[in-house]
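Protein chains in written order, with this note's numbering: chain A, 1 to 268; chain B, 1 to 333.
Quick caveat, the hints were computed from the structure, so don't treat them as lab data. In this text, all values refer to a predicted model and were calculated from it rather than measured experimentally. Built from N, CA and C at the ideal position, the CB exists for glycine as well. Be aware that one or more of the hints could be misleading.
[As the list claims (entries may be wrong)] Ranges between beta-carbon positions, derived for each pair:
hint	chain 1	residue 1	chain 2	residue 2	range
1	B	GLY322	A	GLY265	20 to 28 Å
2	A	PRO23	B	ARG37	36 to 44 Å
3	A	MET192	B	ASP127	57 to 65 Å
4	A	ALA21	B	ALA307	54 to 62 Å
5	B	LEU233	A	GLY265	32 to 40 Å
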Amino acid sequence: MAVAIAPPTSPSVPSLAVARAGPRYWLHGYWQMFVWDLVNLRRYLPILGSILSLQGAGLVLGIGLFFRHIPESAAIYLVTGVPVLSLLTVGLIFEPQIVADQRAEGSYEFVRSLPVPRSMMTMAWYTVSLIPALPAMVIALLVGMARYHFHLDITPSVVPAVLATSFTGMLMGYALAHGITNPMTTRQVSGMLVFVLFGFSPVMFPATQLPHWLAEVNLWLPFESMATIIRDALVKGMVTGVGRAYLVLGAWALVSGLVTARVVGHRR
Amino acid sequence: MMTSSPTRRAVRSATAEADRWTFRAERVTKVYPNGVRANDEISLHVEPGEVYGLLGPNGAGKTTLVKQVIGLLKPTSGSITFGPHDLVADPGAARQLCSYLPQAQLPIDSFRAREAIVLCGRIRGGDPVAVERRADELIEVLDLGEWRNKRGIALSGGVKRLVGFAMVTVCPGRAVILDEPTNDVDPLRRRFLWQQIRELGNLGVAVFLVTHNVLEAEKAVDRMAVIADGRLLAEGTPSSMKAEDRGHLRLQLMLAPGMGTPALPPLVKGSTRVGHNLVTVIDEGDAGHAIRWAEELMGAGVAEEYALGATSLEDAYVRLTGHGSRDDEGGAD
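Can you make the complete structure from the sequences, with help from the hints?
Shown next, in the form of structure tokens:
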């Protein structure tokens with residue numbers, strides 16, 4: 001039995017939905033999803049922040065213990081590489097695992113059914129991913145400076161460097177998280193990335209320490225470029241090829257963004 | 001000059017509003033990449049204010065159909081429109097116009113119950129004051145007051161389900177899609193839930209109720225479709241579905257453990273066995289013979305008890321799908 005109904009009269013019932021569009025709708029969606037992600041992760045963000053801070057400080061101090069006297073240049077290389085790891089861990093490593101969990105428990109489709117533009121969902125997540133990463137990055141730098149007694153020459157380019165690094169990492173993680181439908185595979189791939197990032201990418205050490213072929217490969221991977229632009233923003237004249245690094249990173253961001261747009265908007 | 005009365009104008013306006021928001025699926029077919037034809041030329045329409053049941057056994061294609069409505073899957077062919085909107089071409093509009101409660105529990109472990117409801121209302125674009133008030137109203141009518149400030153991780157499955165229902169209806173879309181909304185909910189609160197589903201209809205919302213619980217659906221839906229193997233087998237009101245069974249009675253036998261299905265006499269027009277339950281359909285005129293047959297089976301130790309009653313929608317469902325309907329059936333569709 002179909003019933004023709006007038007608009008709701010009860011003051012407590014919001015008006016029935018209409019299809020909205022425009023910047024206000026996008027901004028509203030961004031803000032509400034930011035709050036949703038923040039509340040969703042509120043039990044984990046302090047823990048995550050602590051883990052990242054410990055990870056950063058631990059790497060800065062722990063690797064220094066390998067040497068009786070670590071040369072200042074090596075210490076600076078180490079300390080200025082650690083922020084890259086802090087910035088990448090949430091977006092590149094944890095995001096795929098969170099999405100894998102959502103898929104495994106069946107809640108993934110509810111989140112995807114929320115009336116928020118996909119791009120705003122992505123940006124909201126990006127903002128949240130910075131919350132534990134930025135303090136961890138600062139702590140790692142402060143600990144490094146205190147331990148190895150050097151000063152950083154921080155320039156305003158630290159802002160684009162940090163944003164470009166974290167944004168590219170987040171997009172890569174997002175593409176991975178939403179592109180791979182099998183939760184187990186997602187976890188395995190993100191686990192593998194940890195090893196690639198920590199063990200085989202010239203982030204905390206110069207590429208010259210790597211076999212030639214691996215150094216060549218890394219020229220085209222994003223991690224060395226991330227370290228280059230962060231280092232350039234923290235220490236004057238320590239690195240070269242900053243322009244190229246931005247280009248490589250831009251290419252990775254573009255490809256990851258396109259893949260993200262494809263997989264997030266894709267309907268099977 | 002003739003003028004129409006305010007009442008007539010109001011009725012005309014309401015009818016026009018209803019016509020503007022008719023939901024239509026036309027020959028919707030979904031073939032997955034692995035070749036499974038989950039939906040096969042399904043056509044149906046739902047009016048505003050209608051509670052429309054999608055019934056069918058597990059794997060029938062019900063959830064696949066609603067996922068295409070909400071824009072999570074794309075039909076292989078066919079069209080889905082909602083009022084002026086083409087939901088296949090514009091999945092963004094689909095998400096704005098339709099609220100969706102999936103079969104799985106919602107991800108609210110970190111959220112307090114009321115907070116999750118309010119936040120969903122805000123995400124759906126509701127006015128903050130109205131959303132807060134409506135959230136409190138839903139908590140009240142669903143009897144969730146005890147848990148309003150409890151985190152999702154501390155809630156039982158049934159309470160979580162009710163919170164999920166409140167989340168998707170606090171600021172309802174023009175359509176609300178509920179996939180097995182009563183799963184895990186206790187009988188008392190199920191009644192509250194059904195009342196609220198009815199209320200949604202009264203607000204002009206088209207409610208899609210996906211279920212395999214025929215007995216509950218019979219009381220709640222205005223119209224329904226029975227789907228099996230991806231095809232729409234029948235559509236109509238619960239009464240029209242039962243029409244074919246008029247003049248028939250249902251004889252239900254509880255067979256003794258370990259007993260096979262006994263030989264059925266010619267008076268049995270149809271039968272289904274679910275576990276120890278043998279459900280048969282007989283003509284009203286054969287009631288006396290049927291009772292004697294049932295008592296013979298009890299005397300022989302084949303059956304432990306029997307019950308004779310009017311046929312229900314479940315019998316029509318069984319006839320159409322060849323499946324029994326049980327409350328404890330589970331599993332994804």
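If any of the earlier hints don't hold here, list their numbers in rising order. 1 and 3
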